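Keeping the supplied structure of chain A fixed, place chain B upon it in accordance with the hints.
As a plain string of letters, each chain reads:
There are 2 protein chains.
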Amino acid sequence: MSTKQNLEENSEFVPQFDKNGLITAIAQDSRTGQVLMVAYMNHQALDATIQSGYATYFSRSRQKLWKKGEESGHRQKVEQILVDCDQDCLIIKVTVDAGQCHVGYQSCFYRALVRVGAVREPPIQLEFIAKKVYDPEEAYRK
Amino acid sequence: MSTKQNLEENSEFVPQFDKNGLITAIAQDSRTGQVLMVAYMNHQALDATIQSGYATYFSRSRQKLWKKGEESGHRQKVEQILVDCDQDCLIIKVTVDAGQCHVGYQSCFYRALVRVGAVREPPIQLEFIAKKVYDPEEAYRK
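Protein chains in written order, with this note's numbering: chain A, -10 to 131; chain B, -10 to 131.
Bound conformation, chain A alone:
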């Protein structure tokens, strides 16, 4: 009975995995509100996240469960999980240490679009709005 209205107005949790069995998950710093990364969970990853209290995703590139931080050490302690109106997207509110992005930044969103030339006209370039907080080569060398 997952009608649209049920999904939106009820207290029943019916995560809407897509045809690949995945749901979008946004990791957001519970203290600062900064969006850290966007990844995907399958049913197993979501269960692991809920049961362990640490964010676990499904890596699309490696096609396997990805316990965030298992290599880098930069784990995400889950404080709260929110779901959106049609239940096809989650926000994972997390407590984290410094450096959540594998490139070395605190957040994966370390660049902003800027216009080059006339206002409101392309071309668009990217401006770096953050500094790296750790050296990924060192973190992943272990």
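You can't tell identical chains apart in this list, so a pair holds if it fits in one copy or across any two.
Here are the simulated PhoX-like pairs of lysine-lysine, each with C-alpha atoms no more than 25 angstroms apart in a straight line:
#1 Lys66 x Lys56
#2 Lys8 x Lys53
#3 Lys(-7) x Lys53
#4 Lys(-7) x Lys121
#5 Lys(-7) x Lys120
Think of the hints as simulated: they come from the structure by calculation, not from any bench.
This one's a predicted model, so the numbers in the text were calculated from it and none came from an experiment.
For chain B alone, kept in the frame of chain A given last:
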């Protein structure tokens, strides 16, 4: 030349649309940091967003451009657009009025997962963490 490293380390904007021609876009309140909604943009929607200064998405259910707020009036004025490391996700930082979700809430994320019964064990239910800020039936009646 969109190698992984180029995508991550360069200032060239090369949005990675998926096989359906879409990129994930997170609307985040630029003042409060609250995540308001998650939607998708095709190339045309992204161009329209950049050029108009107001968020335009691609509606997957209606298969057409969706200028946010064109029916409800709840538009999103774009303050900044961020892109993530592999350039397959955008954050649209926006200024908004009250009521961004079509169900009547400020954010689409108005419910949190709560455990029923023993700690760290399913079943999971949803708890409403927000109040409606407008009456959607009235807003869409026009």
